[in-house]
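K.L.:
Here is what each chain is made of, one letter per residue.
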Amino acid sequence: MNDILQTVDWSRAQFALTAIYHWLFVPLTLGLSVLCAIMETFYVRTCDPYWRITARFWMRLFGVNFAIGVATGLILEFEFGTNWSNYSYFVGDIFGAPLAIEGIMAFFLESTFIAVMFFGWDKVSRRFHLAATWLTAIGANLSALWILVANAWMQHPVGCTFNLETVRNEMTSFWEVLFSPVAINKFVHTVTSSFVLAALFVVGVSAWYLLRNRELLVARRSIAVASYFGLFFSLVAAMSGDRSGAVIARTQPMKLAAMEALYDGEQGAPLTVIGGFRPETQRRSGEEFYFKIDIPRLLSVMSFRDADAYVAGINDLVWGNPKHGIMSVSEKMRRGKVAVAELDRYRRARAERDRAAMNEIAAKFDPSTVEGETFLTEYFAYFGYGYLKAPTDAVPHIPLLFFSFRVMVGLGLLFIALFAALCWYAWHDVLSRDKCRWLLLAAVWSVPLAYAASQAGWIVAEVGRQPWAIQDMMPVGIAVSKLPSASVIVTFFIFLALFTGLLAAEIGIMMKQIQKGPDKR
Amino acid sequence: MTTLIFLQHYWWFIISLLGALLVLMLFVQGGQSMICELSATPDDMNMLVNSLGRKWELTFTTLVTFGGAFFASFPLFYSTSFGGACYVWMLILLVFVLQAVAYEYRRKPGNIFGARVYERFLLINGFLGPMLLGMALGTFFTGAPFTVDRLNIAEAGNPVISQWATPWHGLEVFAESTDWLLGLTLVFLSRTLAGHYFLNNIDDRTMRQRIAHQSIYNIVPLVFFVLMFLGTMVWGKGASYGYEEPAYITGEDFRYLHNFIEMPGLLVMLAAGLGLILGGSYVAWQRLDGRAIWFSGSGTVLFVLALMLSVGWNKTCYYVSTVDLQSSLNIGNSSSSEFTLRAMSWVSLLIPFVAAYIWYAWRVIDSKPITKAEIADDEHAY
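Each protein sequence line maps, in turn, to chains L and B.
My numbering applies: residue 1 is where the first sequence begins, and numbers increase by one.
My numbering applies: residue 1 is where the second sequence begins, and numbers increase by one.
If you are wondering where the hints come from, they were derived from the structure by calculation, not from laboratory data.
Incorrect hints may have been included.
[To be verified] With the C-beta cut set under 10 Å, the calculated list includes, among others, these residues of chain B facing chain L:
| no. | residue |
| --- | --- |
| 1 | Asn50 |
| 2 | Gly53 |
| 3 | Thr62 |
| 4 | Leu63 |
| 5 | Ala69 |
| 6 | Ser73 |
| 7 | Leu76 |
| 8 | Val97 |
| 9 | Tyr105 |
| 10 | Ser162 |
| 11 | Leu278 |
| 12 | Tyr282 |
| 13 | Ile351 |
| 14 | Ala355 |
[As the list claims (entries may be wrong)] Straight-line Cα separation of at most 20 Å, DMTMM-like style, residue types lysine to aspartate or glutamate; simulated pairs:
| no. | chain 1 | residue 1 | chain 2 | residue 2 |
| --- | --- | --- | --- | --- |
| 15 | L | Lys520 | B | Asp378 |
| 16 | L | Lys516 | B | Glu379 |
| 17 | L | Lys123 | B | Glu379 |
| 18 | L | Lys123 | B | Asp366 |
Positions of the beta carbon are idealized from the N, C-alpha and C atoms, including for glycine.
Taking the hints into account, I'd like the entire structure generated from these sequences.
P.N.:
Okay, here's the thing in structure tokens:
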């Protein structure tokens, strides 16, 4: 493997490492901030000091988690530049804007009012403090909006055009970027699933108190709030997840096919509930699994809202299927190479100051002419494919996606059932270790499962996009900075050691704080 | 002036303002670098840490917004500098990561490493944060060894737009005296500002006297390094670009001196900024007056704003390539498109509103200076 390929892989590993660690902390921040605000609202409305104690307790845990989330987020933002230099220029005109807006609109809101939230209890009025807590929660979730808009654009680039003069993609519609169906679904699904994680964290910790027969009032109130909150948002997450599947079927069919391990497309395609993969060398058409359990036609329904719809398989997408109008990857590669070659010809013409050749090529990239429109839609639309080496390069890691997707969905359904049961017990005011020990134990164990589901969700989103940094436009191999692989390896292990040490410290502090319990002063 | 050129200047102003506010907010780092020397007892240290701990997130946010705004408005700088000088940027990130957790974890039971390790983190960030940021920003004046060719994206063998010409990837700054001077300037400026902030925020007579006594050890080196840096800068060489398309870049002796002469408003701003910093220091030293931070803080913003504007406005290249002059970056050749700059300009109208709520929230929280008793009672104290 040459050095640049190693750099690509290590840069991917480093970004994945940072994203995984960052995503360990962010969902809890997003959801717990809202839960704290709800609990404090109860305090302000009822003047019951126990609501104040409850809100302050969860705020203490929120603070421990928040700090490390901020730290890992900083690295993530700057890694776009340090590790993905070509990417940063090629799409910076579009991608940078949400990051800047995130800073101006959301981060300042969060970081200003979080100080009031933590330190203002005895310095400001109750209503002002409540407003600060809500503004902190709004700021945190607004920041999620903007980074998810940026991420959605990478999955489905819209609202932009290629400018030959600047050799980059440039934004043409801010609203198209902001309100693309992928962005809307991604935001709703990611934020609501984060609320679910936070709700599980609250019910898990509270259930532990009930099992130990301590902090009973705080624990019961917390479970009551978090289980209704969690039930509502887990249903919203399920609905937005379903909607995301339908959007992916249209915008990233390869990701959907890989998630389902659907090798050959089918009319009335079934949804595989679970299956056992054969090793890659033994997978033949129709015999990819040792066993599998299907639900007939469900994949067609979920993808196109039509039980008889044709869902493209991996082989259709790689090798083409003229009957269903699916272009092969090799044809896309041919067209992409034409686009790259034209750009290279322009480069040489510019170096030789050949004005006539430059004008001739420039006409092909001018969307206002028929020639330009044709070239941009027929050839440049496949620009990224021009860098692929083989058609199978366009296929992401199938087993990883297949199992991650099932972990996410399976656990999501389990959480709905758990929240429903907790709501029932909370409604009847019978939450105690004598009456529902099994349920409380399940709630405690749901905390690590929530993190597993959350990480699995991001694996589906990001591994499913591979090999693209930007779908169809730029593969990761072209997006990377030209750095020696050794330097990326060194920083990878530095970050690994640092993040792991800090995670261990965070878990240690969290455990101690939970053992200590709410401060009753 | 076309709309695009106006927007490029406007966004350089926003970047400069964010840079100036970031330097102002580095008082948090300056304070961290002094927590040991100003503390006689653990209570003293707790008081200092808690005073700073209520502000660290804003410094962090300003840094993130500075980076994000640079990415959005001048993406070619972002991709060239961060992708090329990655070692120095990675070092900066590392020292800021250490800071982010240090406040929250320092005194919490179960933190594994013990309070002293987190105090070391604060010290490391306190010294190296301003130092490295100063050295990285110093490359605006000294340049860096890179080449840029956007059409390289189509070159099959080496599709790299921005390339670094040395294997040091940013560590070159350690060999450049001007970068050291700016780094050291920021270290002592942040410490000076921190002293003034403590005077405003801490209600403890002994501590305040200690801070005033300490301030002389910061202001003297600050003046020395500022003057050295300014001297080196105005005597140094810069680069400018013309109006033709494509704009040709030429090297120019005394470029920054010419800029201050051609934009006298910046010269006034620079002098006023320096004067206010010195005035604030005098007020702090002689009268232990908490209002010193208002003088030195506004002086810092004016001083850094003038420096940043002098390096980007007036057809000046703000990031000179030391190996290929024509690759040098200026606000004309490295900006985002007119559409993006315009869209972001609408968002930037929120900045006064953001500044207003920050000011209001600070005023509310800092209405009473911090005391030892308050920290002892506070459940969330750092």
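K.L.:
Now, for every hint given, state plainly whether the structure supports it.
P.N.:
Status of each hint after checking the structure:
1. Asn50: OK, holds: Asn50(B) within 10 Å of chain L, min 9 Å.
2. Gly53: Nearest chain L Cβ about 9 Å off; hint holds.
3. Thr62: With a closest approach of 8 Å, the Thr62(B) hint holds.
4. Leu63: holds (7 Å)
5. Ala69: Cβ of Ala69(B) sits 5 Å from chain L, so the hint holds.
6. Ser73: This hint holds: Ser73(B) lies near chain L, its Cβ roughly 7 Å from the closest one there, short of 10 Å.
7. Leu76: holds (6 Å)
8. Val97: holds (4 Å)
9. Tyr105: holds (6 Å)
10. Ser162: holds (6 Å)
11. Leu278: Where the cut-off is 10 Å and the nearest Cβ of chain L is about 30 Å from Leu278(B), the hint is violated.
12. Tyr282: violated (30 Å)
13. Ile351: Holds, because the Cβ-Cβ distance from Ile351(B) to chain L comes to roughly 7 Å (cut-off 10 Å).
14. Ala355: holds (9 Å)
15. Lys520(L) - Asp378(B): holds (13 Å)
16. Lys516(L) - Glu379(B): Roughly 12 Å separates the two Cα atoms, so the pair holds.
17. Lys123(L) - Glu379(B): Holds, because 14 Å separates the two Cα atoms, which is no more than 20 Å.
18. Lys123(L) - Asp366(B): It holds: about 9 Å lies between the C-alpha atoms, which stays within 20 Å.
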